[in-house]
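J.: One line per chain: the protein sequences are E and P, in this order.
Offset between the first sequence (1-based) and our numbering: plus 45.
Offset between the second sequence (1-based) and our numbering: plus 392.
Where hints are given, some of them may not hold.
Now the stretches of chain E that chain P is said to cover, found in silico as 3 or more residues with beta-carbon under 8 Å [what the hints assert, rightly or not]: (1) 82-90; (2) 93-104.
Looking from chain E toward chain P, a few residues come up when the C-beta cut is under 8 Å (computed) [what the hints assert, rightly or not]: (3) L135; (4) Q146; (5) F148; (6) P150; (7) G151.
Result set (BS3-like, lysine-lysine): computed pairs, CA atoms no more than 27 Å apart in a straight line [unchecked claim]: (8) E/K71 / P/K437; (9) P/K434 / P/K471; (10) P/K437 / P/K471; (11) P/K434 / E/K71.
It should be emphasised that the hints constitute simulated quantities derived from the structure, not laboratory data.
Computed from a predicted structure; not experimentally measured.
For glycine and all other residues, C-beta sits at the position ideal for the given N, C-alpha and C.
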Amino acid sequence: DAGVTQSPTHLIKTRGQQVTLRCSPKSGHDTVSWYQQALGQGPQFIFQYYEEEERQRGNFPDRFSGHQFPNYSSELNVNALLLGDSALYLCASSLDHAETQYFGPGTRLLVL
Amino acid sequence: RKEVEQDPGPFNVPEGATVAFNCTYSNSASQSFFWYRQDCRKEPKLLMSVYSSGNEDGRFTAQLNRASQYISLLIRDSKLSDSATYLCVVNIPTGANNLFFGTGTRLTVIP
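Construct all of the structure, not just a fragment, from the sequences and the given hints.
T.: This is the structure we're talking about:
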C-alpha cells in the first residue's frame, strides 16, 4: 500500500519563475492538503482539495494555486516566485472529514 | 496571535530522562489535538492523538486541558532515537480539516 508520494524531491528556481509540484495521495484517500514549511517553523496550511475543488484556503496570495484530478492526485502551482517562497512543501492526504492526515516526504524548493 | 504556541527549545536531555513538552492553543473551538514527530529533513509523522481523558502509548503520555487550552506530551525513559522535533497540532473546524501547527520543540537525547 503506497503512502503519499510527491515529486520532485528537490527543485531550484530563480525569482519570477513558475513551479509545479505534484502529489499522489495514499491509496483510498480523497482529500489532499498542501502545507508550506519554512526553515525553523511549523507547516502552514496553504489549501485543501476535495472532489476536484478547493475547499479551504489559508493565508497565501493568489500566486499559489492548485488543482485536483479525478484520480485524487493534486498539483500545487506557484507563480512569480519570490525568495521567501523557499521552503519545504508538504502534501497530506486523508479521507474526507477524517482527523488524521498522512504527509508525503515533501518537495524542497529553493528560489535564488 | 498564533493559533498554536510552543517552546522551540532546544531540550537536551540524557538517555533515560523524563522530558515534558507543553503547548497552548488560542481558539476555544479547536476540536482535535495531536502530537506529530518530525525528524531532520523529513516529513511530520503522527505520534499520537490527544484526548481530554489523556492517553498513553508506551513511554509517551499526552494530556489535554480544554479549560486552560493546554496540551502536553511526556516522554519517559528517553532513548537516543527520540531525538527529533515534536510538533503540537490543532484541528479547528473551519469547513475543512486543516491543521494548525506549532513551531515545534527540538529534542536531543544525549548518550
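J.: A separate judgement is required for each hint: does it hold in the structure or not?
T.: Each hint, compared with the structure:
1. Under the rule that three or more residues need a Cβ within less than 8 Å of chain P, the assignment of the segment 82-90 of chain E holds, with 6 such residues.
2. For the segment 93-104 of chain E, the stated coverage by chain P is satisfied: 5 residues place a CB nearer than 8 Å to a CB of that chain, which reaches the threshold of 3.
3. Among the interface hints, the one on E/L135 holds; its C-beta lies about 6 Å from the nearest C-beta in chain P, closer than the 8 Å criterion.
4. Of the supplied interface hints, the one on E/Q146 holds, with its beta-carbon coming within about 6 Å of a beta-carbon of chain P, less than 8 Å.
5. For E/F148, the interface hint holds, since its Cβ comes within 8 Å of a Cβ in chain P; the closest pair sits about 4 Å apart.
6. Taking 8 Å as the C-beta contact cut-off toward chain P, the hint placing E/P150 at the interface holds, the least distance being around 5 Å.
7. The restraint placing E/G151 at the interface with chain P holds, with a minimum CB-CB distance near 5 Å, inside the 8 Å limit.
8. With a CA separation close to 14 Å, the supplied pair E/K71 and P/K437 stays within the 27 Å bound.
9. With a C-alpha separation of about 19 Å, the suggested pair P/K434 and P/K471 falls inside the 27 Å cut-off, and the hint holds.
10. This hinted pair checks out: P/K437 and P/K471 have alpha carbons roughly 18 Å apart, not beyond 27 Å.
11. For a cut-off of 27 Å, the pair hint linking P/K434 to E/K71 stands: about 17 Å separates their Cα positions.
In summary, the structure agrees with every hint in the numbered list given earlier.
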